[in-house]
Amino acid sequence: MSHGIEHIDVNGWLPTATIHNGIAYLSGVVPAEGTSVAAQTRSVLDQIDGRLARCGTSKKYLLEVSIWLSDISTFGEMNPVYIEWLHGIPPPARACVEAKLARPEWTVEIRVNAVVPK
Amino acid sequence: MSHGIEHIDVNGWLPTATIHNGIAYLSGVVPAEGTSVAAQTRSVLDQIDGRLARCGTSKKYLLEVSIWLSDISTFGEMNPVYIEWLHGIPPPARACVEAKLARPEWTVEIRVNAVVPK
Amino acid sequence: MSHGIEHIDVNGWLPTATIHNGIAYLSGVVPAEGTSVAAQTRSVLDQIDGRLARCGTSKKYLLEVSIWLSDISTFGEMNPVYIEWLHGIPPPARACVEAKLARPEWTVEIRVNAVVPK
Chain A
1 MSHGIEHIDV NGWLPTATIH NGIAYLSGVV PAEGTSVAAQ TRSVLDQIDG
51 RLARCGTSKK YLLEVSIWLS DISTFGEMNP VYIEWLHGIP PPARACVEAK
101 LARPEWTVEI RVNAVVPK
Chain B
1 MSHGIEHIDV NGWLPTATIH NGIAYLSGVV PAEGTSVAAQ TRSVLDQIDG
51 RLARCGTSKK YLLEVSIWLS DISTFGEMNP VYIEWLHGIP PPARACVEAK
101 LARPEWTVEI RVNAVVPK
Chain C
1 MSHGIEHIDV NGWLPTATIH NGIAYLSGVV PAEGTSVAAQ TRSVLDQIDG
51 RLARCGTSKK YLLEVSIWLS DISTFGEMNP VYIEWLHGIP PPARACVEAK
101 LARPEWTVEI RVNAVVPK
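Protein chains in written order, with my numbering: chain A, 1 to 118; chain B, 1 to 118; chain C, 1 to 118.
Excised from the complex, chain A in its bound form:
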């Protein structure tokens, strides 16, 4: 806790998340494995599950999701994986646009904010 802000799992200049006033703000998450858009989306969402848990919350508490695809024509490959991930859960607000990512092999990056329940 520093200045009323928690910094979760800081790795050098990048934390997994900051938490303030009951909201966790995650850094953008990139694929840890996979080459297809679907496999990379699964990898990103798996990591988000783990990082939300580290913050004391879960996907049930998501407020906002931002998705960047390196090629927006792959929307139809990402979206079914996203929908499956949210099965049975009230869905968060979302936007999805195209952007090239920091490594050319990455096809998807996702950033989320979530409520941390007391």
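In case anyone wonders, no lab produced these hints; they're calculated from the structure.
For clarity, every value in this text was computed on a predicted model and none was experimentally measured.
Errors might be hidden in some of the hints.
You can't tell identical chains apart in this list, so a pair holds if it fits in one copy or across any two.
Said to hold, decoys possible - Derived lysine-lysine pairs resembling DSS-like cross-links, with alpha carbons at most 30 Å apart:
| # | residue 1 | residue 2 |
| --- | --- | --- |
| 1 | Lys100 | Lys118 |
| 2 | Lys60 | Lys118 |
| 3 | Lys59 | Lys118 |
| 4 | Lys59 | Lys100 |
Got chain A; can you put chains B and C on it based on the hints?
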């Protein structure tokens, strides 16, 4: 209300907005009609007015606006429509960058957060 | 103060920031000088320091940072400047993707949110 979060007008895996602790977080809004950038911007802002109303708020209470243009050289076509929309209102924080959008006919997408007055 | 929201340094239709419930939401900041990515990044971060001060806060209180590079292959030119800026400070959540910016000479734009200490 689920876990302290309201999910407004959920359509499958996408809500119009989530609301938590007095802030509405809208999903990205894309054009419902129009082909020119100006007409599509008007369509997006009209929809945002309606969606803010559904959340119990209005453009007077905007905190943040994010604008994506599929071609940043059309900034000068979007911006006068945006300025007119905000006429007489204290303006929200904003960023505007280029991004290709989920459908090639869409030239503009806008996402906003707003306070929900009590 | 309007509707519980402070609008800092409004210039026409664009404020430096909005403040609500102890969080400052800055508009996207673009370079005021410099041509290299490193120099433009320094210019943007210098301006952010000044704007956070105008909001009654500082980089120690950052929650979230969004970085857009007009050419993602310049990540390695931007990042050392960013890391130096955060030296000795708990780092905020961050995402960095590529996007063309409103003027072709701009290579980097950064947007931040920060807690405003009481």
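How the hints compare with the structure:
When the C-alpha separation of Lys100 and Lys118 is checked against a cutoff of 30 Å, the pair qualifies neither within a copy, at 37 Å, nor between copies, at 39 Å. When the C-alpha separation of Lys60 and Lys118 is checked against a cutoff of 30 Å, the pair qualifies both within a copy, at 14 Å, and between copies, at 25 Å. Both within a single protomer and between protomers do Lys59 and Lys118 lie at most 30 Å apart by alpha-carbon distance, with minima of 15 Å and 27 Å respectively. Taking the closest pair of Cα atoms, Lys59 and Lys100 come within 30 Å of each other both inside a single copy (26 Å) and across two copies (27 Å).
This entry does not satisfy hint 1, going by the numbered hints stated previously; all others are met.
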